[in-house]
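> The numbering of the sequence shown is my numbering, which starts it at 6 and goes up by one.
Everything labelled a hint here was simulated from the structure, so no lab data went into it. Each residue gets a CB set at the ideal place from its N, CA and C atoms; glycine is no exception. Each hint should be verified, as a subset may be incorrect.
What the hints assert, rightly or not - For lysine-lysine, the following DSBU-like pairs were computed, each having C-alpha atoms within a straight-line distance of at most 30 Å:
(1) K626 / K594
(2) K206 / K342
(3) K434 / K422
(4) K424 / K488
(5) K488 / K342
(6) K212 / K342
(7) K206 / K434
(8) K626 / K643
(9) K65 / K206
(10) K519 / K434
What the hints assert, rightly or not - Quick list of simulated restraints, FRET-style, between CB atoms:
(11) E518 / G134: 41 to 49 Å
(12) Q145 / Q477: 44 to 52 Å
(13) Q204 / Y130: 26 to 34 Å
(14) K643 / L615: 42 to 50 Å
(15) Q437 / F231: 27 to 35 Å
(16) V358 / I255: 41 to 49 Å
(17) L308 / V118: 42 to 50 Å
(18) Y238 / A293: 36 to 44 Å
(19) I234 / H340: 51 to 59 Å
(20) K212 / F112: 35 to 43 Å
(21) L147 / E498: 34 to 42 Å
(22) Q145 / P510: 42 to 50 Å
(23) N627 / L541: 24 to 32 Å
(24) S454 / T39: 37 to 45 Å
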Amino acid sequence: MKLSSHRAQLASLTAGILSVVFFLIVLLLGNWSTSFAVKTIAWQILAGAMVWLVLTVQFKLQSMAAQEKLEIAQLSRLGETTTIFNAPDGQMLATSQKRLALFEKWFLPGFAVFISLYQIGIGLYLYKGIAVYSEFTVSQPLVGAGFMLAMAFLSFLLARYAIGMSVEPEWRPLRSGGGYMLATAILCLAAAIALALVQFKSVIMIKMMVWVVPVLLVVLGFETLFNFIMDIYRPRLRGQYSRAAFESRILGLISEPGGIIATAASALDYQFGFKVSNTWFFQLLGRAVVPLILFSAVVVYLLSTIVVIGPQEQGIIERFGKPMANKAVIGSGLHWKMPWPIDIAYVYPVYRVQQVNVGFKPETDKDGVTKRQPLLWDVEHFEQEYNLLTATYTTSSIDEGAVPVSIIRAAIPVQYKVKDLYSFLYKHKDSQQLLEDICYREVVQFVASAVIDPEISATKGNVDLLGAGRGQAAHELKQRIQKHADDMGLGIEVVFLGLQGFHPPPKVAEDYEKVIGAVQKKQSLILGAMAQRNRLLTNLAGSVEKADELYQVSSRYQAQKDPAMTPEKVDEAFGNAQGDIYATLSQAKSYAYEKSALAKADSERFVGQLQAYRASNSIFKNEYLLSMLEEALEPIRKYIVAADSKDSEVLIIDLQEKLTPSLYDISGLEEPKK
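Please take these sequences and the hints and turn them into a complete structure.
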């Protein structure tokens, strides 16, 4: 007995209409909730809707062909075996059968090509759209989860109904639509779970859903295209069911799990040469595979009752969304709880140092590791840096009317540890974001009150950000952030704050370096002058302090404003000095003593000479002349010639030129007489 195609046609039409309705609902729901993962499911549902509508047409044509066969058979029984054109056995009346044959021969393969191109194109389009929707922000996730769960339930019922009908040979085409409908049910269920997890700030599954649907569409599209190519070379037998190219074998593994075992049994029978599927072990495995899967699922589910906390971690157990009062925070070790979703454990690395980047966004490689490079002023260091305003002072008329601020960039890593996990998790909606906001607020206020000129910081009392004051600035800023975090009940401890990343914007770095060079040169000249001053004063008075003291004494004495400052006190002050002053004073004293002693000696000698002259003036004169002659002849070379009075004078004339006169030439050296 052949079954009527009218029932399959009605099931296909109902499933097709519901698929179109589901497509519109999911598309609107995705736009309303701003969930890209939900919108991707809509395009997969649309592919299933097109398959159902094609199946509706196919079963309609099958119903018309069956009705036509029945009418032709009735005419044959009445003896009307020919038409007015003498056609044998009603060939002219079989129009519905020809229409069905043309539909199955040409339209179904063409539709397979169309649906494969649609799936590949939509899959690639959705793949490109993943980068645009990378924030994974969903509004009202629980409402979306409720809708997706309802559609998953209805899709599952329709899928099981269609797959159950496809057991009959006349309704075998329903398997293709049932596979798509079951895939819709699974995707909607997964989306409902993912949206429910988003409510609990878990976006791992929603991120996976964004990738699953585009990949699934591309895979199904290539599978359909491959089936179409293989159908061209597949031999066809009359009366044998020919599977459509868009009937997915991959979805068939899900819709007919029993077929997996049958396929494996056939492969084993062919491999070993005997009926492996008839052995007791294989039959036992076939009967026990479902209980084994269920037992494994139960064991995996019961593993959710165990919580393992690492040595640097703490955890909090929530029961129905609220932390348990008796054990709000649990330490490292093995702990027990009720199974999920009654109890949910959240584990956090509270003893591990974490970091908040203030003023910059680090550049990462493809593995997510932060790139490290030297902090040079004239190059960009990070993927994104922010400008900050800092105080400055206008000292020239050119700057009159200008805003007294400068622009500086800062790369400030703030490292912290969680000291109160309960406060960190439950007193604020997003504690890490709040800490980042606190850091930015304090940094902006602190930098606005600081300066970047070390000379101004020294004179005005402001903190220098680019000089030696960075250590003090880091300590003060760290205390500010810690105080604000404690006031907000954040439950964190700031362990380190680095201000090594302060630098001017790269566009003005070269000009700023010139200014810094000029300032350093100026300071070098000032320090050199001060060193020379100290050296001169030290050489002059023995020390800088003593020189200043002598300067004050001399100034007061010259101004005559202090009557107590007498010359004796001035002499005493200068007499106690050291250095060049002491040496000069000592030389002056020695010179004065020498002159006074010589004058005294001269006066005493004159008195003695006067007495000697008065006693005998001739003797005094001769003695004085002889002493003067002695003094005058002392540097002159003298010759003594000893001769007897009886010796006669011998004149020797030597006409030969001599360089050095001899002793006999002394007579020629006599001065001419006047």
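> Indicate, hint by hint, whether the structure satisfies it.
Each hint, compared with the structure:
1. K626 / K594: Violated, at about 38 Å.
2. K206 / K342: 21 Å, holds
3. K434 / K422: 18 Å, holds
4. K424 / K488: 14 Å, holds
5. K488 / K342: 37 Å, violated
6. K212 / K342: 28 Å, holds
7. K206 / K434: Judged against 30 Å, a Cα distance of about 11 Å means the pair holds.
8. K626 / K643: Holds. K626 to K643 sits at ~25 Å (cutoff 30 Å).
9. K65 / K206: With a Cα-Cα distance of about 49 Å, the restraint between K65 and K206 is violated, given a limit of 30 Å.
10. K519 / K434: 48 Å, violated
11. E518 / G134: 41 to 49 Å: At 46 Å between Cβs, range holds.
12. Q145 / Q477: 44 to 52 Å: Since Q145 and Q477 have Cβ atoms about 50 Å apart, the given range 44 to 52 Å holds.
13. Q204 / Y130: 26 to 34 Å: For Y130 against Q204, whose Cβ atoms are near 29 Å apart, the range 26 to 34 Å holds.
14. K643 / L615: 42 to 50 Å: 33 Å, violated
15. Q437 / F231: 27 to 35 Å: Violated, since Q437 and F231 (Cβ atoms, about 49 Å apart) do not stay within the stated range.
16. V358 / I255: 41 to 49 Å: For I255 against V358, whose Cβ atoms are near 47 Å apart, the range 41 to 49 Å holds.
17. L308 / V118: 42 to 50 Å: 47 Å, holds
18. Y238 / A293: 36 to 44 Å: 40 Å Cβ-Cβ, so the 36 to 44 Å window holds.
19. I234 / H340: 51 to 59 Å: With a Cβ separation near 57 Å, I234 and H340 satisfy 51 to 59 Å, so the hint holds.
20. K212 / F112: 35 to 43 Å: 40 Å, holds
21. L147 / E498: 34 to 42 Å: Taking Cβ atoms as reference, L147 and E498 lie about 36 Å apart, which means the hint holds.
22. Q145 / P510: 42 to 50 Å: 43 Å, holds
23. N627 / L541: 24 to 32 Å: 60 Å, violated
24. S454 / T39: 37 to 45 Å: 41 Å, holds
The earlier numbered hints that this structure contradicts are 1, 5, 9, 10, 14, 15 and 23.
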